[in-house]
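Chains as they are written, first to last, in numbering that gives the first Met the number 0: chain A, 0 to 431; chain B, 0 to 431.
Source of the hints: derived by calculation from the structure; they are not laboratory data. Possibly wrong hints are sitting among the right ones.
Since copy identity is lost for identical chains, a pair holds within one copy or between any two.
[Stated by the list, open to error] With a cut-off of at most 30 Å between alpha-carbon atoms, the simulated DSSO-like pairs for lysine-lysine come out as follows:
{"id": "1", "residue 1": "86", "residue 2": "264"}
{"id": "2", "residue 1": "86", "residue 2": "390"}
{"id": "3", "residue 1": "197", "residue 2": "17"}
{"id": "4", "residue 1": "286", "residue 2": "328"}
{"id": "5", "residue 1": "197", "residue 2": "7"}
Protein chains: 2
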Amino acid sequence: MTRISASKLKEHIGKQVKLQGWLHNLRRLGQVNFLLLRDRTGLAQAVLGKEDLAPLENLQTETVLEICGVVAEAPPAPSGVELHDVKVEVITPVAEILPFELNKPDVAATLPVFLDHATVGHRHPRRRAILRLAAGVADGFRRTLNAAGFIEIFSPKIVASATESGANVFQIDYFGQPAYLAQSPQFYKQIMVGVFEKVYEVGPVFRAEPHSTTRHLSEYVSLDVEMGFIEDHFTVMDCLTGVVGGILAHISERCAGELEMLEVKLPLVGETIPWVYFPDAQQLIYKREGIDARGEPDLAPEHERALGEWAREEFGSDFVYVTGYPTAKRPFYTHPDPDDPTYSNSFDLLFRGVELATGGQRLHLYADYLAAAEKARLPQETCAAYLECFKYGMPPHGGFAIGLERFVMQLLGLENLRWAALFPRDLTRLTP
Amino acid sequence: MTRISASKLKEHIGKQVKLQGWLHNLRRLGQVNFLLLRDRTGLAQAVLGKEDLAPLENLQTETVLEICGVVAEAPPAPSGVELHDVKVEVITPVAEILPFELNKPDVAATLPVFLDHATVGHRHPRRRAILRLAAGVADGFRRTLNAAGFIEIFSPKIVASATESGANVFQIDYFGQPAYLAQSPQFYKQIMVGVFEKVYEVGPVFRAEPHSTTRHLSEYVSLDVEMGFIEDHFTVMDCLTGVVGGILAHISERCAGELEMLEVKLPLVGETIPWVYFPDAQQLIYKREGIDARGEPDLAPEHERALGEWAREEFGSDFVYVTGYPTAKRPFYTHPDPDDPTYSNSFDLLFRGVELATGGQRLHLYADYLAAAEKARLPQETCAAYLECFKYGMPPHGGFAIGLERFVMQLLGLENLRWAALFPRDLTRLTP
Numbered sequence: 000m001t002r003i004s005a006s007k008l009k010e011h012i013g014k015q016v017k018l019q020g021w022l023h024n025l026r027r028l029g030q031v032n033f034l035l036l037r038d039r040t041g042l043a044q045a046v047l048g049k050e051d052l053a054p055l056e057n058l059q060t061e062t063v064l065e066i067c068g069v070v071a072e073a074p075p076a077p078s079g080v081e082l083h084d085v086k087v088e089v090i091t092p093v094a095e096i097l098p099f100e101l102n103k104p105d106v107a108a109t110l111p112v113f114l115d116h117a118t119v120g121h122r123h124p125r126r127r128a129i130l131r132l133a134a135g136v137a138d139g140f141r142r143t144l145n146a147a148g149f150i151e152i153f154s155p156k157i158v159a160s161a162t163e164s165g166a167n168v169f170q171i172d173y174f175g176q177p178a179y180l181a182q183s184p185q186f187y188k189q190i191m192v193g194v195f196e197k198v199y200e201v202g203p204v205f206r207a208e209p210h211s212t213t214r215h216l217s218e219y220v221s222l223d224v225e226m227g228f229i230e231d232h233f234t235v236m237d238c239l240t241g242v243v244g245g246i247l248a249h250i251s252e253r254c255a256g257e258l259e260m261l262e263v264k265l266p267l268v269g270e271t272i273p274w275v276y277f278p279d280a281q282q283l284i285y286k287r288e289g290i291d292a293r294g295e296p297d298l299a300p301e302h303e304r305a306l307g308e309w310a311r312e313e314f315g316s317d318f319v320y321v322t323g324y325p326t327a328k329r330p331f332y333t334h335p336d337p338d339d340p341t342y343s344n345s346f347d348l349l350f351r352g353v354e355l356a357t358g359g360q361r362l363h364l365y366a367d368y369l370a371a372a373e374k375a376r377l378p379q380e381t382c383a384a385y386l387e388c389f390k391y392g393m394p395p396h397g398g399f400a401i402g403l404e405r406f407v408m409q410l411l412g413l414e415n416l417r418w419a420a421l422f423p424r425d426l427t428r429l430t431p
Numbered sequence: 000m001t002r003i004s005a006s007k008l009k010e011h012i013g014k015q016v017k018l019q020g021w022l023h024n025l026r027r028l029g030q031v032n033f034l035l036l037r038d039r040t041g042l043a044q045a046v047l048g049k050e051d052l053a054p055l056e057n058l059q060t061e062t063v064l065e066i067c068g069v070v071a072e073a074p075p076a077p078s079g080v081e082l083h084d085v086k087v088e089v090i091t092p093v094a095e096i097l098p099f100e101l102n103k104p105d106v107a108a109t110l111p112v113f114l115d116h117a118t119v120g121h122r123h124p125r126r127r128a129i130l131r132l133a134a135g136v137a138d139g140f141r142r143t144l145n146a147a148g149f150i151e152i153f154s155p156k157i158v159a160s161a162t163e164s165g166a167n168v169f170q171i172d173y174f175g176q177p178a179y180l181a182q183s184p185q186f187y188k189q190i191m192v193g194v195f196e197k198v199y200e201v202g203p204v205f206r207a208e209p210h211s212t213t214r215h216l217s218e219y220v221s222l223d224v225e226m227g228f229i230e231d232h233f234t235v236m237d238c239l240t241g242v243v244g245g246i247l248a249h250i251s252e253r254c255a256g257e258l259e260m261l262e263v264k265l266p267l268v269g270e271t272i273p274w275v276y277f278p279d280a281q282q283l284i285y286k287r288e289g290i291d292a293r294g295e296p297d298l299a300p301e302h303e304r305a306l307g308e309w310a311r312e313e314f315g316s317d318f319v320y321v322t323g324y325p326t327a328k329r330p331f332y333t334h335p336d337p338d339d340p341t342y343s344n345s346f347d348l349l350f351r352g353v354e355l356a357t358g359g360q361r362l363h364l365y366a367d368y369l370a371a372a373e374k375a376r377l378p379q380e381t382c383a384a385y386l387e388c389f390k391y392g393m394p395p396h397g398g399f400a401i402g403l404e405r406f407v408m409q410l411l412g413l414e415n416l417r418w419a420a421l422f423p424r425d426l427t428r429l430t431p
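All chains, please: the whole structure from these sequences, using the hints.
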């Protein structure tokens, strides 16, 4: 008999079927017992007599089972059906008790305990929904960009020099010489604008963050975009707005069940997302909150939260751009504002008051790079290859990067980025 | 005026248009001159009078240009159209001469010279076609698996221990303690079978290959699959056969232009791919080629070549599976053949005589892992998290990994894997 999945049970009412999966729960009531089997599609309930339980003696939840039975309507059961005349066969017995239960509505563990046992903890239906949603976000990102003619690239993660700042880079022993883990595909995606004009990458990036916060990881998945022949950073923001809209449309279609289980209210994104110029944002925060950050070179988390609230109240938008960050605080390749070089053609996108994406227009003239590289004291030999593409003609270009886990965290209102990652890495955590 | 792309020129015959791109070639014939502009979609020809060339004085190919003109039919030009009444404007001037020409039918450089200047070398139309094909292979892989209900995962690349063998692993300084770059997502994809049953990943893997060959890199893109509730390795091979077929169908549809330019003859994959049992393969090589490798624990490249030729002659197939590799030569997690534990439930897939994918059934019982881990002398503390998933119930499962660059290399008949990579990493190469 061919195995069917739990989600297809109701298509087989009155028929004999075979299911395989994990023992999610067993309610022993004596003569009548209810077994919940979990497979990749969901849960199936089977009704067992006392003697049918014999194969499960001394076994625990998560035992891998095959169950055969006849599908019958049963309104209170999952999907309104259950199995009768059941035969249970053990595929893989489990004798040990789980570190925490997987069959409660919520994950019954604190974050550190959960992370220690995430290899099994991810089997919880809510965890599966979150991870499926993350896959949906990445898929929506790629589909939106493929449809717009962007080409996917796979840039190297072992690199000769830091791309962002030398401070938070991991060093590798590369056949006896020092090398580094890429902090971003920044140099490569720019280089590839010279090849394809429009490129994207979905891949890991590595940041040796020397501090522990609820919204940083040492390794995360970056959704990177870079595009040529732009007017300025507003062209890039238009693209990002379209990408965010594309992701949300994709998951609302493909992850409807997950969004429902997790009680996610999808944010609305219109044709445009409101934006505010950096100095104006500081002025606004001062007026609204009395926090005087005017003249400071960057926004602190509390400033971003205030701007998020303002955007929601003022525009009914969960998203808001801040544009024109001070040039001094942005990477050396950032294009200054031609009208006021103190500020730059850059932006952050805040999602419910937290930085979701960062981007901007880049320098594109070779001479500008030579000057910027000298000013930033970049090691000439290691960035020579990067600079070569500018020697041979680069158009005005820019791009952005979205943190995948950040997107999921903000979408679900998780309090810690680690709840949105598969197996997070931080200052103290290297396993599982 | 809105920019149009070179590929859309013929839709605008008789109209004024604007193009932007790179100066691909300029044939100066005196009064009449032919300029080829390259953008992400292809080439466009513009006819210029002597005086129209003024903006290009002292400039070289790869100068970034905007050209406006009227589209006219011209059968000998690319796409049968060209621009007349042309006005050229320089966006980014290029004064230096390229390290090698990009406007010859083939890349006019040896591999080392090309790799030194790959940041601009990839702009060659053939290089672009190869990289687009690689993107198409990855996209076809994901689409095929998404359609079959597989979930994409993003496993960490910084890990606490080697997964395959301790010999070729890169060490990192992880906040003062040693860590490693993942040689494969093997442990994680197995763990995630316990969560989703069917998972895949597209991501970088890292191998500190201490030797230099034409078909190994220190970093490459691995297309990984793992699935649960299998019968044995033949279930996994069926999946792989479907994935290879899905990839080929996808690129034949989406990369038709690239396949034509690169003169690729797509291999045929039927419903099934022929397979040969490891000891029979050795016997066959002995009979056909007189090479006596009988009893050796692995196949050498010349053996794989011979098997590739055999499969092509005998079955008209560019693909052939070799099954049942000796258990001793496969990783500790490999499931032995229950009928003869000397051999294993494993396979390689050869594509035109070169290993394209490797896979098999894995152990799934906790007790088997404890025994195997001890035999393989795995450090208990670092693989404890991996082993935990087996403690709590894993179904019979297996999977495979395809090397993305290998696939492209074999598809195009490239003589060196480095021609199929974006920015390859090897013993001596760390840039660009």
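List in ascending order the numbers of the hints, as given earlier, that are violated by the structure. 1
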